[in-house]
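Since the structure of chain A is already known, use the hints to place chains B, C, D, E and F on it.
6 protein chains.
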Amino acid sequence: MTGVPGGGIAFVAGSAHPELAAAVAAALGVAPWPATVGRFPDGEVQVELREPVRGRDVFLLQPTSPPVDDNLVELLLLADACRRAGAARLTAVVPYFGYARQDRRTRGLEPIAARVVADLLRTAGLDRLVAVDLHSPTVEGFLSFPLEHLTAVPLLAEAVRRDVPADCVVVAPDLGAVKLAERYAALLGAPLAIVAKTRLGPSQVKAEDVIGDVAGRTPLIVDDMISTGGTVEAAVKAAVRAGSHADFVVAATHGVFSGACAATLAALPLRRLVVTDSVPARAGAPEADRVSVAPLLAEAILRLHRDAAGER
Amino acid sequence: MTGVPGGGIAFVAGSAHPELAAAVAAALGVAPWPATVGRFPDGEVQVELREPVRGRDVFLLQPTSPPVDDNLVELLLLADACRRAGAARLTAVVPYFGYARQDRRTRGLEPIAARVVADLLRTAGLDRLVAVDLHSPTVEGFLSFPLEHLTAVPLLAEAVRRDVPADCVVVAPDLGAVKLAERYAALLGAPLAIVAKTRLGPSQVKAEDVIGDVAGRTPLIVDDMISTGGTVEAAVKAAVRAGSHADFVVAATHGVFSGACAATLAALPLRRLVVTDSVPARAGAPEADRVSVAPLLAEAILRLHRDAAGER
Amino acid sequence: MTGVPGGGIAFVAGSAHPELAAAVAAALGVAPWPATVGRFPDGEVQVELREPVRGRDVFLLQPTSPPVDDNLVELLLLADACRRAGAARLTAVVPYFGYARQDRRTRGLEPIAARVVADLLRTAGLDRLVAVDLHSPTVEGFLSFPLEHLTAVPLLAEAVRRDVPADCVVVAPDLGAVKLAERYAALLGAPLAIVAKTRLGPSQVKAEDVIGDVAGRTPLIVDDMISTGGTVEAAVKAAVRAGSHADFVVAATHGVFSGACAATLAALPLRRLVVTDSVPARAGAPEADRVSVAPLLAEAILRLHRDAAGER
Amino acid sequence: MTGVPGGGIAFVAGSAHPELAAAVAAALGVAPWPATVGRFPDGEVQVELREPVRGRDVFLLQPTSPPVDDNLVELLLLADACRRAGAARLTAVVPYFGYARQDRRTRGLEPIAARVVADLLRTAGLDRLVAVDLHSPTVEGFLSFPLEHLTAVPLLAEAVRRDVPADCVVVAPDLGAVKLAERYAALLGAPLAIVAKTRLGPSQVKAEDVIGDVAGRTPLIVDDMISTGGTVEAAVKAAVRAGSHADFVVAATHGVFSGACAATLAALPLRRLVVTDSVPARAGAPEADRVSVAPLLAEAILRLHRDAAGER
Amino acid sequence: MTGVPGGGIAFVAGSAHPELAAAVAAALGVAPWPATVGRFPDGEVQVELREPVRGRDVFLLQPTSPPVDDNLVELLLLADACRRAGAARLTAVVPYFGYARQDRRTRGLEPIAARVVADLLRTAGLDRLVAVDLHSPTVEGFLSFPLEHLTAVPLLAEAVRRDVPADCVVVAPDLGAVKLAERYAALLGAPLAIVAKTRLGPSQVKAEDVIGDVAGRTPLIVDDMISTGGTVEAAVKAAVRAGSHADFVVAATHGVFSGACAATLAALPLRRLVVTDSVPARAGAPEADRVSVAPLLAEAILRLHRDAAGER
Amino acid sequence: MTGVPGGGIAFVAGSAHPELAAAVAAALGVAPWPATVGRFPDGEVQVELREPVRGRDVFLLQPTSPPVDDNLVELLLLADACRRAGAARLTAVVPYFGYARQDRRTRGLEPIAARVVADLLRTAGLDRLVAVDLHSPTVEGFLSFPLEHLTAVPLLAEAVRRDVPADCVVVAPDLGAVKLAERYAALLGAPLAIVAKTRLGPSQVKAEDVIGDVAGRTPLIVDDMISTGGTVEAAVKAAVRAGSHADFVVAATHGVFSGACAATLAALPLRRLVVTDSVPARAGAPEADRVSVAPLLAEAILRLHRDAAGER
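Residue numbers (the numbering used here), protein chains in the order written: chain A, 1 to 312; chain B, 1001 to 1312; chain C, 2001 to 2312; chain D, 3001 to 3312; chain E, 4001 to 4312; chain F, 5001 to 5312.
Source of the hints: derived by calculation from the structure; they are not laboratory data.
Where is the CB? At the ideal position from N, CA and C, for every residue including glycine.
One-sided and incomplete, this derived list gives chain D residues near chain E with beta-carbon spacing under 7 Å:
#1 L3076
#2 V3116
#3 D3119
Here are the simulated BS3-like cross-link-like pairs (lysine-lysine), alpha carbons at most 30 Å apart as the crow flies:
#4 K5179/F - K4179/E
#5 K5237/F - K4197/E
#6 K4197/E - K4237/E
With the rest of the complex left out, here is chain A:
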């Protein structure tokens, strides 16, 4: 049961992404809620609100990007602080949702981490979640409370439009990215190709195969996230093998950029790499243009606060 709390918005920022927090606050026209969010000397989260939030419609901004466990536990403790302080409603705004890829047991002896995280969020007292381009729609079913699922695809499509020549082809680097790629293709008026990592014969090892026509075309590789860069690398190689121009644009919502990602991407013929600022930039990350999701988040916060319906 939710209603419009009378006390106005309290926009509380975790420590995961101060730049994005500032941008969202500016877009909302509010100051971030005064709060201490740090660590004790032994590394335990130290959280304290500096103004009471009783009766407020609280929005907690915290991507659970790396270091994912630190950011996740901090989010849970912030939620507890707000709940015990009498928040009227508690919405987590998690532009990058960590552990989303661990959404099934493949061999039967793993956890389903994304479900665990969903249950932890409920346990900590959250009423609702706002997320951007979740790795899989599956995660919504793991949640026992409402999700507002936003997409950065229109922002990113706009950002790459000038880089997209007439001969562009949108490339989904694996089967999981097809739905996303279809949305780019529709927005950009471009055809679609798919790189499928499928074992197509009994004796063959798995190899990337390109579905759709990329020969003589300039590929736009799109994905929900870039982590080690291995998927992009394989897609580039497959596309080139299939005859595409060696001149790539890459767009992804979440620039996680872990491991040796920068080196991996630097070795590829990329003209441009565009991501959003859903994840904070870290030293050693590859160079990338960053489109801000702050307006998207701010708009969703206002819409949810007003209980108006979102376009999906």
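This is chains B, C, D, E and F only, laid out in the frame that chain A set:
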């Protein structure tokens, strides 16, 4: 927390599939638990155990095949009867799990029915679920209790082996069936092709495209289930367009066969259609060979009763 | 915790009873909420809201009359859709509450179906229930959330007033109907008689006995529901045996009319049969005058929306 | 989920009824579990086990007879002590279940106390309940865990058999006691009569009416419990008015005997009053023969411990 | 999730402390909500609201002072009545919180009664708790819902100010009272001493030792509660042994005064004893000045109703 | 409900403390359960059991020492993996329990982190917790499941016995350590002193004061944990000021040693520092003798597996 109940197995059959219940009971070497499972004159489920199950390790067999709501509610009431009667442990054996395809919100204003069903099963007191070839592995994450996920693929692959000529190609009729098709391909030593229903250009309507080489080959179309037959029909047409032989074998775990499925399939050049008996045969269904999952279920029941580990 | 949601009423109708839904909507002066409520080809419920209900005070109209399981599961899925879509409050309006008669274990090996249903409603996210003349007040204690219990007795008493001669006697056809019959008797200024199905001697089989004076009187048999008509039939016979006029009026809130009810009632000396429209009329039902509960339901919805107190 | 714990029975007695505890322990052939169960100077329950119960199958004996709240809270705290101490299974043996009569809202602004108590028992960690002749079967549906419902009717019927002359009639003193009375009548081979407190005419006040033939017969009034004695008094008067002998035997499972019960009953022509020892005898109670339920409880404890099925 | 209910405050008083209820109602400027709160003849709580509370922001006043179990169960049943009647929000105002001292297992075989009580309050449907000077801050962590923790220390410090000579020393009678004593010392500008009941040598029995300088000073002994008076008695003796003036003022929030407290205190050289009215005065209690917490509670109720933030 | 699972112990080690895991496994005479416990490139926990644990009595060893959030989330995911794999019972063995100090709201706007952690453990499916010398007994009440609370005090007292001269005094460095110090004093036959950080006058700042006689004595400072070393430093200074020998032994269960602890302690006149291995040694930690808790943990695991009662 579960342990090995001392009181032995009670194998309780719902009314959804008496033939399968008899076969599983025979394979277990037990009689189905004496119980009245019927309907009152106004259509309400009427359930009564005729022997107490206190201390028993209860296994409830009930596919939630059509009529899905009747079978589901009957399962929930059977579970309540067993729980209140003091069952030591309560495992639902649901070879066909209805509502599994409703596992996400596509446009944002639907239910996530598969999660609702998972929660209903928990509410009714079930401790564990046994299922066969779930439409999506997603469903496991919806459950808050352990799942034993069985597969009929080896049984079906064996059943079609003699129909598979040397030039056979395993065809996944959509992207969701690729994982399943890979397992068939590995078992049969056959190459793989995928029918992708993707809009590959901005002005084109969606059309089926075949990934992989089917030209001059005999296709084996595989899927987790056949409902209206529309997906098979589209795959057949796409394969033929791509040059395959017009001589198909179709294998699927669940023969739901709804709507005009029999007519749809009758119009296609099918040499053979093989399904399991996870769903009861109904009048008007297309002719199909049926491989029994009874041994598979019986083996799982014994393994779970003994708390031995299953092969997955 | 409930409050007055700011977003106004959303009146959502399930598919169980379109006529009643239209009548309630008209009485409320609103259009039924745009929604797709149907079935997929395999019989699974297909639900989709066509307008967002975020922030709305949602009322879901759905009697769980036959086919009870279909109507029940549809209600649960509608509730999930509304909850995930951000409904501010979710009230089920269930004029006929199926499974209410299964409220105890008689021999110890049945389910308590009414409690299961109550728990399922909670699981699906309902905040409150509106029901009319529940078979037993017991059901309220099964619910973990508030119930608004309405009664159609004044409407029905008014409807039969002109049929009630001065010599009328209100007859409760079994012990469970006595409280209801007392309310009719008070409203109509008539005396009361009870048909008790009690074994009154050690060697006798059970037989209906009439308590109170019916000799030379015109009976008004009243009950909460008529299902097979067997109870009415037995009461008629007992009353006639006890000397009443063979000229009966029968009033009941819920005309479920299952099995051979029409034939059973046709064979009885009934002058008039009055029920409400809590359950949709079905082909083959006995002829009956139907008093609408639409105004009653509409009034309750408005009262609950305004959080004003109801008269009970 | 329950199984047979390996550690044997721990029979823990609350302070409500030491005599019954001793009798049950003797019947079980065990010593009551060593425990301190008392009160601190300010009246708070003071509970401490003196031996660990880890791995034990714990049975907690505590009728929630007057002082009901003291006995109830003590039971809840005993349960918590056992649960935290690692009890393998926790069964409350509550021969008299207080608050059972508050099972519905009559005017809509009361609590449903019996449901609250059921929920409190769950909250404190109980796995199962044993009760004797509950005031209403409704209570079972309030519980979310299994109930073992015992009856003392055969014991009481046996106890009064020699007082029952050939002309005996079993009298249910209100409609709620009819089911119970039928069981006495069957056991004793006696006919049945019912005292119905029903307003049988519009201008009449409510008056007791006797259904069935009591004229010239010796009544045996039976009920689940005797509290103030008012119901018995009214039944006696009604039976005498209806011509019965003024020579009554009264049998009831629970002798609560509150208020001025002793005086009320002393003024009636009772030959004999028989109750069980489900409730401790208190000073000022009317003289009554007391049949012990200790064997019944001990037998149920052993049966449940062995997970054998009970006859119901 | 809480919001400001639109329907105004309903101030419902349990039967534990009618004087305080009247004072709080007067301070709020409202009449106590019309309700029947009593006992049936057998001692069961009898609760009935006489006006509906639907949509109201309900505050339930009930200290769980002795008789603690009666007051606790009554509070739980009042909560259920309000919740089922449609209360918009349910806050328990419990100025004295019984069982707070049972907050840990000392020897490992006791209950943690304070946690049990916290869980019972949640089970009964409470959304929030208001308490005054809890025995330990630990209790807040036992609650799963927000606590508004008030303190009477400023009121009590003001009340004793005129009794405090320039040579006053605030004495914490045990280690648990040190935090409280620090607050008194700060408000009164007085130094602090602590009576520590510590075994300071291997062969010594435990003895009270005074930390800090009390010689030649007038002690003000402060504590959260006085139960049997034993702690005060030991502190007085220790202080006198340490050279303090034999002229004591004692201040405590909760005057529980159990057992032989009056006699114990009468034997001590007390100039003045000041407590609040959080607990009703009972016959046989020691004479004490009583400062009312009614304004404190009324102010908190208004603040919470308005969802304004409290000073803590 | 717990029972002795039939399948034997599965001892699963998280990655927090491999040395302790090896020692406990050796003491148990088992191999650590084969499992992959690591991190994906983006830092997400990667867990996979390599043998099924169905029917096993699983013990998960994982101190939640720094990095606390990493270790905590890993523990939760390990628990989920074991639970979904069919573990019969799931016990977390957490020798150092992080976040235990955050057990209350001091200023009203913090979280109660220890309660949140307790709830997260429940959410992940744990049945029981084993911990060593928790910072506060409060934490037990935060748990909704049984705790086995072990103490290393006898081990540590034995370890320092040879360092304890006849003139030794056990020093509790703050009020929270008094209970622990009493246990050391009793075991070593030494007197006790307390350093109390109390503001003893209105104008004074807080200063450490020593309660008890330390003059001319050799102090043994004891505490549950050493984090930054600040508490030890202040106690040393206070003791020296109070005339103790400048020759200290320090014993603590948990050597967390965060921040500049090594430098802080190096500047103090410590003869010896003894801790257990509940927390892994980290580079830059002060030199300390480490007594292993492995035998203590192994013994508890066996005792719990056998459901034998522990000595507390």
